[in-house]
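K.L.:
Residue-level listing of the chains:
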Amino acid sequence: VKLRFWGVRGSFAMCGPDFLRYGGNTTSIEVVSAAGARLLVDLGTGATEYGRQLMAGAFGHGQGRLPVLLSHTHLDHIQGLPFFTPFFIKGNRIRILGADPVGSSLEQTLQNQLAPHYSPLGGLENLAAGVDLEVFVPGGELTVDGFEVTTAAVPHGNMWTTGFRIKADGKQVTILSDVEYPEPDWPTPEAYALAQGADLLVHDAMHDDDAYALARGWGHSPVSAGVHLAEAAGCARLALFHHNPDATDDAIDTLVARARDGSKVPLFAAAEGEYLDI
Amino acid sequence: MEITFWGVRGSYPVPGRDTVRYGGQTSCVEVRTAGGQVLVIDAGTGLRALGQKLAREARGVAGTHHILLSHVHWDHIQGLPFFEPAYVPGTRIHVYALLTAADELQQVIGGITRHEFFPMPLSAVPADFEFHEVEPGAAMTFADARVLPIALNHPFGSVGYRVDADGTSVAYVADTAPFTEVLHKQHFLPGLEPLTDDDRGALEAMQRELVAAVHGCDTVVYDTHFLPEEYARYPHYGHSTPEHALDIVAGNGVRRLILYHHAPSHTDDQMDEIAARYKALGAQRGVDVVTACEGMMLIVGARGVAA
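So the sequences go chain by chain: Y and F.
All residue numbers for the first sequence refer to the numbering used here, where the first residue is 1 and numbers rise by one.
All residue numbers for the second sequence refer to the numbering used here, where the first residue is 279 and numbers rise by one.
These are calculated hints, taken from the structure and not from any lab test.
Please note that the accuracy of each hint is not assured.
In silico lysine to aspartate or glutamate, EDC-like type, Cα no more than 20 Å apart, as pairs [as the list claims (entries may be wrong)]:
no.: 1; chain 1: Y; residue 1: LYS90; chain 2: Y; residue 2: GLU125
no.: 2; chain 1: Y; residue 1: LYS167; chain 2: Y; residue 2: GLU125
no.: 3; chain 1: Y; residue 1: LYS171; chain 2: Y; residue 2: GLU274
no.: 4; chain 1: Y; residue 1: LYS171; chain 2: Y; residue 2: GLU125
no.: 5; chain 1: F; residue 1: LYS331; chain 2: Y; residue 2: GLU274
no.: 6; chain 1: F; residue 1: LYS463; chain 2: F; residue 2: GLU362
no.: 7; chain 1: F; residue 1: LYS463; chain 2: Y; residue 2: ASP132
no.: 8; chain 1: F; residue 1: LYS463; chain 2: F; residue 2: ASP442
no.: 9; chain 1: F; residue 1: LYS331; chain 2: Y; residue 2: ASP246
Being a predicted model, the structure only gives us computed values, none of them experimental.
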């Protein structure tokens with residue numbers, strides 16, 4: 001199985017020369033099985049470039065199929081939706097699988113995003129391809145062709161997000177994108193269960209450990225939280241993810257070097273670009 | 279008077295190697311008079327960096343900010359939740375937009391910080407927000423600056439602003455389609471709709487009023503999202519070409535035209551070609567054409583006011 005980061009940035013897309021090596025797009029991750037099955041996790045700005053590349057194939061002819069898993073609906077995870085060009089070609093079938101936000105519904109939330117005040121699209125019904133929305137309650141399995149996907153709710157400030165365990169080709173990727181535990185070295189049991197035995201753990205690393213004291217309770221992890229979970233759950237590799245918008249390439253280099261000193265698990269900072277073999 | 283470009287891109291932010299020189303953040307400019315009055319026009323993703331600068335200048339002291347919105351599509355408001363001064367208690371933020379009522383604007387801006395989209399609701403943000411409705415043709419005054427709202431042709435409505443201060447003037451004309459093929463109203467357009475006689479009349483009036491409003495302006499910033507060949511494919515999207523902009527400003531006493539709201543697909547190399555091509559075309563029509571890039575600061579009226 002292969003994985004490609006199309007967007008690695010948290011909260012806010014960052015442009016300019018200081019954000020070229022790791023990338024400035026907000027979150028979007030593609031997973032591809034050896035047999036060619038694909039899925040996408042989240043629709044941040046990174047998804048726009050992925051969408052453009054998909055248009056060169058079956059999606060350009062209205063024959064594309066893609067499941068999209070949403071961790072949650074904060075804007076940095078859905079802001080690429082109105083610009084994901086496969087939606088504009090009739091015949092493409094794009095499933096969006098996500099949980100209902102507390103006190104609202106997934107459908108209403110995406111409708112609000114495309115409401116006429118905010119977007120000339122005006123609503124999901126005006127996407128030529130249509131959207132197949134599938135709401136799930138985290139804690140079970142999802143049916144996605146070519147993959148085994150398990151979900152769990154993980155804490156994120158005053159709400160929760162969905163974590164994903166994705167298996168294919170005998171390998172396992174776990175994605176915990178926006179998460180903050182009661183203590184950095186106290187992952188919740190659901191997060192631990194999803195991460196256990198992962199070949200790659202992709203984990204929220206929004207804050208430098210020193211900066212975390214000022215950001216406690218805001219829903220994101222210090223680097224050490226991912227390191228602790230990867231070690232405790234026996235993960236083979238750790239990708240630091242959801243980079244702070246203010247973290248320049250040089251700052252991320254420093255963060256990675258420090259994290260490696262304190263980690264028994266090999267780790268790297270997620271970067272836009274190449275397909276990684278898992 | 280100075281104008282600084284904090285975000286020059288249309289639609290959505292575009293990070294990466296191809297946007298390093300012109301910039302990838304979405305619509306936001308800062309207009310600053312000699313007397314120090316700051317007007318923010320549009321609150322796209324460029325607003326985040328502007329907010330950091332304003333916060334540094336304020337050194338923790340709460341101030342009053344005026345944010346004029348052309349319209350409330352995401353690429354023009356998405357920076358608001360990341361505007362650093364909003365998190366300093368005592369700060370007052372006045373937001374102006376073309377809507378049927380200021381209450382509605384509060385709903386719309388409140389809507390982008392609903393918990394489904396953003397962790398902190400508007401009501402919990404320390405700054406006090408006040409929402410104001412603008413009316414095309416009804417001028418507003420901010421200290422030494424006079425601001426005239428101008429109706430534009432864009433889905434769900436849009437408004438430009440002419441700012442007069444320090445004996446010179448700058449106009450911000452975005453987002454707008456030209457005034458020929460389509461009259462944008464408040465519904466989704468899958469393509470062009472046939473125009474009625476009333477529609478044609480409304481478009482002609484809108485163009486006439488825009489031409490009059492920017493007459494004699496030193497500098498006009500204009501939505502030139504599309505090249506002509508792109509516009510031909512997407513005439514219903516609500517954006518113009520540099521040719522459309524030149525048709526409004528050439529022979530109208532405007533010294534300088536700024537190309538703005540660049541298509542997200544336009545790379546730095548394409549932007550270089552666009553800049554050169556329209557510099558030359560502008561010269562033929564008596565207008566100095568400059569292509570906006572992020573971080574660019576221009577003195578308005580530096581070489582005297584034309585006309």
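K.L.:
If a hint holds in the structure, say so; if it does not, say that too.
P.N.:
Quick rundown of the hints versus the structure:
no.: 1; hint: LYS90/Y with GLU125/Y; in the structure: 12 Å, holds
no.: 2; hint: LYS167/Y with GLU125/Y; in the structure: 33 Å, violated
no.: 3; hint: LYS171/Y with GLU274/Y; in the structure: 19 Å, holds
no.: 4; hint: LYS171/Y with GLU125/Y; in the structure: 37 Å, violated
no.: 5; hint: LYS331/F with GLU274/Y; in the structure: 35 Å, violated
no.: 6; hint: LYS463/F with GLU362/F; in the structure: 34 Å, violated
no.: 7; hint: LYS463/F with ASP132/Y; in the structure: 29 Å, violated
no.: 8; hint: LYS463/F with ASP442/F; in the structure: 29 Å, violated
no.: 9; hint: LYS331/F with ASP246/Y; in the structure: 14 Å, holds
Hints 2, 4, 5, 6, 7, 8 from the earlier list are contradicted by this structure; the remaining hints agree with it.
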